[in-house]
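Chains as they are written, first to last, in my numbering: chain B, 1 to 508; chain G, 509 to 971.
It is possible that some hints are incorrect.
[What the hints assert, rightly or not] If we take Cβ atoms under 8 Å as the criterion, some of the chain B residues that face chain G in the derived model are:
no.: 1; residue: Gly35
no.: 2; residue: Asp368
no.: 3; residue: Asp374
no.: 4; residue: Glu386
no.: 5; residue: Glu425
[To be verified] Taking CB as the label site, the calculated pair distances span:
no.: 6; chain 1: G; residue 1: Ala652; chain 2: B; residue 2: Ser413; range: 53 to 61 Å
no.: 7; chain 1: G; residue 1: Ala652; chain 2: B; residue 2: Ser306; range: 56 to 64 Å
no.: 8; chain 1: G; residue 1: Asp904; chain 2: B; residue 2: Pro109; range: 19 to 27 Å
[Said to hold, decoys possible] Quick look at which bits of chain B chain G covers, simulated, 3 or more residues with Cβ under 8 Å:
no.: 9; region: 354-366
no.: 10; region: 431-439
no.: 11; region: 460-466
What the hints contain is simulated information worked out from the structure, not anything from laboratory work.
Here the structure is a predicted model, which is why all the values come from computation and not from measurement.
Beta carbons are placed, not taken as given, at the ideal position from N, Cα and C, and that holds for glycine.
Residue-level listing of the chains:
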Amino acid sequence: MEPIADPSLIRRIVILGGGTAGWMTAAALSHRLAGRGIDIVLIESDAIGIVGVGEATLPHIRFFNTAMGIDEQTLIDRTKATFKLGIQFVDWGRPGEAYIHPFGAYGEPIDGVDFHHIWAMRRAAGDPTPLDDYSYPVRAAEACRFQSPITDPASPLSTFSYAFQFDASLYAGFLKEVSCARGVVRTEGKVVSHSQDSETGDITALTLEDGRRIEGDLFIDCSGFRGHLIAQALETPFDDWSHWLPCDSAFAVPCETTAPVGPYTRATARQAGWQWRIPLQHRTGNGHVFSSAHISDDAAVRVLMSNLEGPALAEPRRLSFRTGRRRQLWNRNVVAVGLSGGFLEPLESTSIYLIQLGITTLLDLFPDKAGMADDAREYNAVMALEFERIRDFLVLHYVANQRDEPFWRGMRSMTWPDSLSAKVEAFVTRGLLPDYDIGVFHPPSWLAVLAGQNILPQGWDPRAEGLDAATLSARLARLRNDINNAVAQTPDHMTFIRDNALRQHAAH
Amino acid sequence: MTARTWVIHGGGLAAWAAAALLARDLTSDHNVVVVDDAADTVDVVLADPDGMLLQLADGAADDLLADGQAGFCLGALWRDWRAGKDIAVAHQEPLPNIDGVAIPDLVHRAATSATEGHSYADLLAPLQFQARAMIAGHYAHPSADRQSPRSLLKPQIILDGIALATRLKAKAQQLGVTAVCETEAAELSPFMTLDTRPAAFAGDADWRTRLGHDRRLTMYVRPRRAPQPYVEMRLLAQGLATHVALPHVEIVSLDYDSALVTTDQARSGITSLIGETDILQETDASSGPGFVRTPWRDKTLAFGLAAARFGPLMDGVCLDEQLRRLATHLPGAPDQVSACAAAYNQALARDLGHRADRLHLIRLQGPGGERLAPLGPDLQRRIDLFQSRNASVALDGDPYDAQHWIMLMASLGLQARRHDVQADRLNLSAAMGSIGRMVMAFDQTLAAMPSHETVLNSLRRAD
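Okay, chain B solo, but in the shape it has when bound (with noise of 0.2 Å):
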């Protein structure tokens, strides 16, 4: 298609930085601009490293592959990719206890009332069935199990989502090979100043270390936690969220796997904050987030060593990071996408699923220069929304626990945001769930956590005692029959993932 001479078009876009951000950002919009006359340059340095450490993610990621035209097993393989079902939290209730936030429902509703009420309800008669019991996803994980969804609305097989847990340097690298063959054109080079507009002041170029200058009409900000752009050169003021996200700090590293590959990533409570474990096909990541107030760095570092499944096979690297988030993450000609627009900690994999809500809502307000202004307050209301109902999400697994140590004591005391306390209040007096429908998580995944941290409704929806016990029973029964059968007849995770890649190889 010929370019369309256009001036308001944007014709050039920069991103900065070459991380997970920058080249998922390079490869969707090469995917998607193509055929625009849009020359697309991403900066990058081979001395600045990056952070590289996002390797769980939700199953959105399954879509935004698919729109940017990526297969599904290409992307297993060169990422070294296990599926996953959930997120096991260790000891985040009481000590002792575990629970899997589950990519899928609980139970089905009966008579129009919702599963978990009926649940509560029992529960508080003496039923003791876990709601686990419930739960494909959960038993599947549990049970190191896994395979595709099936589309048959009365299968089990159906009431599950997956995602992928991959090496995200490699994957980086694999969405590099794929935007360069795109017309990507990576620079090599360290950004030393900036110039802008002196009416708008819109960025309208970057100057390299070697003096080369880079235009662009449109700037994507992937430089990482330093802004480069969205906070040195704009100055965009940060909302500090680390008052009820308090950990600030990280080492990371990976070890050999020795014990069975689950479809889960698994976060275990620490002293002062939590462990995360992402097993891949080839090692095992492993992280200690943690306030650094509460914990020495070595301290932290003898908590996460001492408790890896497997050799080390590096040396434990630091992270340091503050939560919150950019005021405006579009601000001017510059969109921040991933750690430069803000940061909510790893709890809930939400670090990718950021950075691509961020490059979708860009894609579907994809801008001209007559119209950035309104675009720009579009998008910064779509993200704003969302990180706020994520932090809420991410603040409730740290408030809802029963352990002892200050970090702990002190998370239960501190003035919770006062959107969360309103969800809290109404799930224990009624059973009811957070209603909305902008963010990533629903009311599934609001039950998992609150209920697997102890906290039960004492009140739920009436209707539910009007239905028929024994038909009741009988119906729970089956539905955990059901959900038995299913798992037992699930493939081994590792199993399916190398029987799977011998039927997709043989079908190429």
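Please arrange chain G on chain B, whose structure you already have, making use of the hints.
Using the frame of chain B, we list chain G on its own:
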């Protein structure tokens, strides 16, 4: 255990629908009484076939259709609304994307690429299958086959509100609800009170200036024309007229501003519309539009027309939505009331706010729109985004999909400056070829659909 008593004030449609709901859904330790002292005036009810109103009335839709007291409704036809043209507003299922690109964006690209020819709204019109069926006076039930254009249809049932209220009253009483007088009610210590009396409405006065009326005159007249699958709207000198033709009756109402128009003038307005005819029944009542943002306070819930009233086009769906929300927010014990109230109020305010905004948008873009009060912030945001890029804002609790908003704004004459850039990556000729084939399928399906009257006649009980 002492029974928890729910006292419902008002003896009309909302009261008996709520009574039937509570009696059906609550256990025997709850008791429901109705103080049948002030019937509301929901004359025309538009209800979803799967909605709570028709669920509660157990087969009433079939019976009322058989008795000629109901018909099907595909939308609203706003007569002479923009530059002398009629505007058809119908909420159909969204059209599928073409290679990931929304059809309205492709159509916008085609409209802006053409050197001459049709406007964006003109090119979108053939794709509004439900609106076309409605204008043609045709009707068929939706199809489950996703390949069929009929799968796009989202019809409502249009019913005589008084007849439906009678059914719901019988149903509620069958479920054990009793009617009591005010004196008896005064002796009760209610667990919850629902007030459905229109006079209890304490809504946002702002809506009176946004929609420009505060009173409604309604006439039931002997039918003189074939029942149409739509509600007909027309702005007269005296106010906004709503005309519904059912087989056994026509219901015509006029929303007017009592500061400017007398009841006699309103009556002459209706007469000018329908001519001299037999008037079977007439009511004239205060009906300032709007909704209550916090209808549930402590143990008192404003319900039905006491909570939201926007006229015949919306009163039925607003009541349906209130019933749906009440069912999922029922408190079983006193300590649950506060949480239920907060969640109910939030959910309902979102839904009603979007519905009211849509009505406001239509009024603003029609004749006399310049005299109405300006937009609220959500509607302003919607219009800004549409005009900027042919897109729709995603908001919590919106009962309408993005495509509906886009098609509505386009048909109301708003101009989108540009479209989604994704539309530019497709071959336009090929994409428009696909859209053309879709329109041909629509044409063929429409031609094969029976008239609304034929469908209704097939459902009528033999006299």
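Here's how the hints hold up against the structure:
1. For glycine 35 (chain B), the interface hint holds, the least distance from its beta-carbon to any beta-carbon of chain G being 5 Å, beneath 8 Å.
2. With a least beta-carbon distance of about 6 Å to chain G, the hint placing aspartate 368 (chain B) at the interface is held under the 8 Å criterion.
3. Of the supplied interface hints, the one on aspartate 374 (chain B) holds, with its beta-carbon coming within about 4 Å of a beta-carbon of chain G, less than 8 Å.
4. A distance limit of 8 Å between C-beta atoms decides the matter here; for glutamate 386 (chain B) the minimum to chain G is near 11 Å, and the interface restraint is violated.
5. For glutamate 425 (chain B), the interface hint holds, the least distance from its beta-carbon to any beta-carbon of chain G being 6 Å, beneath 8 Å.
6. Restraint check, alanine 652 (chain G) to serine 413 (chain B): a C-beta distance of roughly 55 Å satisfies the suggested window 53 to 61 Å.
7. For the pair alanine 652 (chain G) and serine 306 (chain B), the beta carbons lie near 59 Å from each other, so the given range of 56 to 64 Å is met.
8. Distance hint check: the CB atoms of aspartate 904 (chain G) and proline 109 (chain B) are about 21 Å apart, consistent with the given range 19 to 27 Å.
9. Coverage of the region 354-366 of chain B by chain G holds in this model, with 4 residues showing a Cβ closer than 8 Å to a Cβ of that chain against a need of three.
10. Coverage of the region 431-439 of chain B by chain G holds [criterion: at least 3 residues with CB-CB distance below 8 Å; count 5].
11. Three residues within the 8 Å Cβ limit are the bar, and the region 460-466 of chain B against chain G gives 6, so the coverage statement holds.
Hint 4 from the earlier list is the only one contradicted by this structure; the remaining hints agree with it.
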